[in-house]
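*Asks:* Join these two chains into a complex; the hints should help.
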Amino acid sequence: MPKYEPVLLKNMSQPGYTGTLDEYRKTGGYTAFEKVLKGIPPAEVIEIVKKSGLRGRGGAGFPTGMKWSFIPKDHPGPKYLCCNADESEPGTYKDRQLIENDPHQMLEGIGIACYAIGSHNAYIYIRGEFDLGAEIIQRAIREAYDAHLFGKNIFGTGFDLDVVLHRGAGAYICGEETALLESIEGKRGKPRTKPPFPATHGLYQKPTVVNNVETLANIPHIINRGPEWFASFGTPKSAGMRLFCVSGHVKKPGNYEVPMGITMREMIYEHAGGIRGDKRLKAIIPGGASAPFLTEAHLDVKMDFESIAQAGSMLGSGAVTVMDEDTCMIWAAMNLMEFFHHESCGKCTPCREGSAWLLKILHRIETGHGRMEDLDLLVSLSKRIEGRTVCAFGDAEISPVLSTLKHFREEYETHIRERRCPFRPNAVLAMAGAH
Amino acid sequence: MKLKILSDKARAAIEAEFPKYPDKRSVLLAALRIAQNEVGYLSEAAMIDVAEILDLTPVQVYDVATFYTLYNLKPVGKHVIQVCKTLSCALVGAGQIIEHLQNRLGIGVGETTPDGLFSLKLVECLASCGTAPMVQINNRYYENLTPEKVDRILDDLRREGKSSLASGPFQLPVLGGKA
Numbered sequence: 291m292p293k294y295e296p297v298l299l300k301n302m303s304q305p306g307y308t309g310t311l312d313e314y315r316k317t318g319g320y321t322a323f324e325k326v327l328k329g330i331p332p333a334e335v336i337e338i339v340k341k342s343g344l345r346g347r348g349g350a351g352f353p354t355g356m357k358w359s360f361i362p363k364d365h366p367g368p369k370y371l372c373c374n375a376d377e378s379e380p381g382t383y384k385d386r387q388l389i390e391n392d393p394h395q396m397l398e399g400i401g402i403a404c405y406a407i408g409s410h411n412a413y414i415y416i417r418g419e420f421d422l423g424a425e426i427i428q429r430a431i432r433e434a435y436d437a438h439l440f441g442k443n444i445f446g447t448g449f450d451l452d453v454v455l456h457r458g459a460g461a462y463i464c465g466e467e468t469a470l471l472e473s474i475e476g477k478r479g480k481p482r483t484k485p486p487f488p489a490t491h492g493l494y495q496k497p498t499v500v501n502n503v504e505t506l507a508n509i510p511h512i513i514n515r516g517p518e519w520f521a522s523f524g525t526p527k528s529a530g531m532r533l534f535c536v537s538g539h540v541k542k543p544g545n546y547e548v549p550m551g552i553t554m555r556e557m558i559y560e561h562a563g564g565i566r567g568d569k570r571l572k573a574i575i576p577g578g579a580s581a582p583f584l585t586e587a588h589l590d591v592k593m594d595f596e597s598i599a600q601a602g603s604m605l606g607s608g609a610v611t612v613m614d615e616d617t618c619m620i621w622a623a624m625n626l627m628e629f630f631h632h633e634s635c636g637k638c639t640p641c642r643e644g645s646a647w648l649l650k651i652l653h654r655i656e657t658g659h660g661r662m663e664d665l666d667l668l669v670s671l672s673k674r675i676e677g678r679t680v681c682a683f684g685d686a687e688i689s690p691v692l693s694t695l696k697h698f699r700e701e702y703e704t705h706i707r708e709r710r711c712p713f714r715p716n717a718v719l720a721m722a723g724a725h
Numbered sequence: 030m031k032l033k034i035l036s037d038k039a040r041a042a043i044e045a046e047f048p049k050y051p052d053k054r055s056v057l058l059a060a061l062r063i064a065q066n067e068v069g070y071l072s073e074a075a076m077i078d079v080a081e082i083l084d085l086t087p088v089q090v091y092d093v094a095t096f097y098t099l100y101n102l103k104p105v106g107k108h109v110i111q112v113c114k115t116l117s118c119a120l121v122g123a124g125q126i127i128e129h130l131q132n133r134l135g136i137g138v139g140e141t142t143p144d145g146l147f148s149l150k151l152v153e154c155l156a157s158c159g160t161a162p163m164v165q166i167n168n169r170y171y172e173n174l175t176p177e178k179v180d181r182i183l184d185d186l187r188r189e190g191k192s193s194l195a196s197g198p199f200q201l202p203v204l205g206g207k208a
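Respectively, the protein sequence lines represent chains U and X. Read in my numbering, the first sequence has 472 at position 182, and its numbers run on one by one without any break. Read in my numbering, the second sequence has 31 at position 2, and its numbers run on one by one without any break.
Chain X extracted, bound-state conformation (with noise of 0.2 Å):
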């Protein structure tokens, strides 16, 4: 069957995940991935499309998008800033940070800027308690946040679409226990 909206190389992304499994249900959390990536967020044809691939309904296809936060189910912004509020990052100021998000962009949790470009979210603990406040935006992390960092990290966005203070792998601050 034709597809509605997935490209015939998103299909062969899915279909190129289909040797890793036993069953190709296993599939459906790359799928929902690669479909997101090429449409922007995961609409109903995109999902219907990814049912098709995977001989899925729909409605299972549904039940698990909607279980998983990376999943958006309606349209964001070009740079999704998920800001961590769990505890450790609470604790050492990731309010601020939300705050100050909130005042730059001018938009509430939860919402999209009108040119497109952000949306905020707040979501919980991503790992990097030990280099509090932190958010991920879109596939990086950006860690030791404060709120002239992340006025660069916004500026960057803007001007490059990309930043070079997103962190590169784990930075080793102390090791094996310094007397």
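Looking at chain U on its own, in the form it has when it is part of the complex (with noise of 0.2 Å):
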């Protein structure tokens, strides 16, 4: 028996359950979208959403109702409602799952908001890569057609809804919201300036609020259990269940629904088994790659908001990667700063520069020709990126590297002092240069 009630992964977890409409119907499947369009004004839907603490599950974590509400009420023209399946933050695979498993219940949620914030158009942006969820979510939402959910006049209500899905082409900074516009208005996908923000100036101009997949899955829920409900689990702050994707070195990697709030030595011991082999746990990601390595030091502290920021890190993402004591930390901070370089827009000079040189002096710390005056350096340049960009990318860059420095710097010292990697000799430059 699970320790936690599933919710998101409750129907999926059904021997049998393959995600089709009349599976997901027969689970109760729709009736929160019938009731609130037969019944509970849009306002109401907002205010019962704001009540829940619901909060975004993409990474920033900003309360979704309050986000609803920011979208102006007499707006003559078309709003829009854009779902952001485009999940690529290093470590996370979550929505992956939603999406392939279960895919009407992010759908359903779909038509809730869009009917909360007084949208007749939504777009799914999907990873270019997730071939086989797009293949999933369009016959989810032909199904959904054929059935009347969406279309014209759904439920006879005389509410209407077209859901498109829009396909990416290979690019990380398009989960960005202001970037995802943009790669669904056929350019680059390259972070806007706020403001304006999206409320107002979104999608073609016109207000737009862009949520998580995950963030959507659980409006269902929240309409048919109640906000109260919702509110229950987790912390006063941090609502809910939260899917978090653990990786790595540890025994039991998965998707694990839980209390927003459980310890993270809970997650890791219990819900993932430990660490592979018994081994030492030395650092733990807890939010995906934009998030700052915490330590063994850290295994007590709360999965939530709060209690990981207050720790020096973020709850981001919800994906926890797990290192062992062989893990080098300069090693894997190199590897964080080749994604984050390769997949800087390049719009923002320090972070597209900065990331080239942040990464060429880790490199060569690595390769045992490092100078210990580096170490100043890589702290003065993140500083020099850090606030000085358009987007939350140039902060997020610097992560691993500060974090690294702080929590690990004797390591670093090593390095520089012994002119080599103690801990792979040889490994290092499989992955380097890669691109």
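Derived from the structure by calculation, the hints contain no laboratory data. All values reported here derive from a predicted model rather than from experimental measurement. Misleading hints may appear alongside valid ones.
Footprint (simulated), chain X over chain U, 3 or more residues, beta carbon under 8 Å [what the hints assert, rightly or not]:
| id | stretch |
| --- | --- |
| 1 | 324–332 |
| 2 | 340–353 |
| 3 | 455–468 |
| 4 | 528–538 |
| 5 | 543–555 |
| 6 | 607–614 |
| 7 | 620–627 |
Glycine is no exception: its CB is placed at the ideal position from the N, C-alpha and C atoms.
*Replies:* Set out below in structure tokens:
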């Protein structure tokens, strides 16, 4: 028996469940959509979501109901809802599971969200690599149209809704909401300067909400079971159950749906089975590659937005990457810096050039060519990137560097002093200079 | 205007996307995918055709085609192997898989086998971190890889053009936090 009753993973954990419309409806699917369309005014739906305390599951954790309430009510033209299915934050693979195993749960959430903000057009932006996910969503959308759950005059209420699947083509940055909008508009995915915010000037310069897959999948449950039920899980400021994606050196990697606020120790040792080979834990990235590294000393930190932030990291996308005692921290930081360097969209000079310089310095330290003054240089470079870019990517790309320097400075010094990597004498370069 | 290289079928497939958006330009990403599927890669002629169909300038198309990693601006092999090299995969053996693929195929990263069957690319996180190491080959994922499994996949692809070892919908290894 699971320790916590699954919510989002409930249907798919039934034997034989494949996520077709018929199966989804047998579990009570689309009754929440029908209920709001037939009897709950949009403003009240927004109030319910606000009251639930639901915060965005994509990474930033912005309160969902509040985001919806920013959409101007009297706007005469079209408004848009975009579902962010661009899941690309390293370590994160929960939306893929939600999409592939129970697509209608997300689609019902989209329907309710559109009704709440007065939108008749939704775009699902799915990363280009998710071919199977795209096929599954496309099939589910067709089923929903055929059953008159999408299209014209839904449930005879006069509410119309068109839902379109838009496929990306390979670019991490398109998960950033304004880059996502640019990409739907057929451009390079480069983040926009804010303000104006998408709530007033989003897709095609119209009022737009962008919500993550998991965020939207929660909506039908909040409508059906009430905001108090949702808020009864987690902590007062981090309400609800949440999917955590555990990967790396654990015995049982997987997506675990647990209430927010359990400790990292429970997550790693109880749910994910502990460290492979019963080795000692060395480092944890608690919220995707953009989140600073934490250490064994942080195992009792609670996994909610506030506690993780207080410990110096962030909950981000809920991707927990675990590293054992044999992992070289400079190699790990360099791996992520390769990622950031490759994915920087190039719009802002500090991010574009800075990522290249940080990577170059990490590479020379890892390969035994580092200098002691490189350590200060890494910090001063990072401080010149931080806060000087259009989107949060610049702040993200410095986190592996600064956090490994903070917690593992000795390891950097050993590399420089001994002119070699004590952990990976030969292996580094299999992965370096990959692109 | 007559198209240079794209077929009428490709043009029709691109035009079928128009009703989904208020603006033709929004079809660009899909159009490039359709063009690439037909031609095998995005040749200059293919990009000029896409520009023609969408009423864009060729440079607007080129601008986008060079931004996204799934567009190939040069010819590639029949099976494009994209190995995830980001941290979660790297921690559990992506390096070994990359090395194994290079040895088995006799090519380096970014190259194509002389018979035109396989291209090898390294890519960033493909959202398959709990089933690492993994690769994407054309439109399917292959997960929980070992060198032996890689050999079987390559053999299947050589023999039949596809492999039953491709992943289906997400597998549920563990659910809801087992105590």
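*Asks:* Compare the structure with each hint and give your call.
*Replies:* Hints, one by one, checked against the model:
1. For the stretch 324–332 of chain U, the assignment as covered by chain X is violated, since 0 residues bring a beta-carbon within under 8 Å of that chain's beta-carbons and 3 are needed.
2. Residues of the stretch 340–353 of chain U lying with their CB closer than 8 Å to a CB of chain X number 0, which falls below the three-residue condition for coverage.
3. With 7 residues carrying a beta carbon less than 8 Å from a beta carbon of chain X, the stretch 455–468 of chain U meets the three-residue requirement, and the given coverage holds.
4. Here the stretch 528–538 of chain U counts 4 residues with a CB under 8 Å from a CB of chain X, which clears the bar of 3, and the coverage holds.
5. Here the stretch 543–555 of chain U counts 6 residues with a CB under 8 Å from a CB of chain X, which clears the bar of 3, and the coverage holds.
6. Counting residues of the stretch 607–614 of chain U whose C-beta sits closer than 8 Å to any C-beta of chain X gives 3, which meets the bar of three, so the coverage hint holds.
7. Check result for the stretch 620–627 of chain U against chain X: holds, 3 residues qualifying (beta carbon to beta carbon below 8 Å, three or more required).
The structure is inconsistent with the numbered hints 1 and 2, although it conforms to all the rest.
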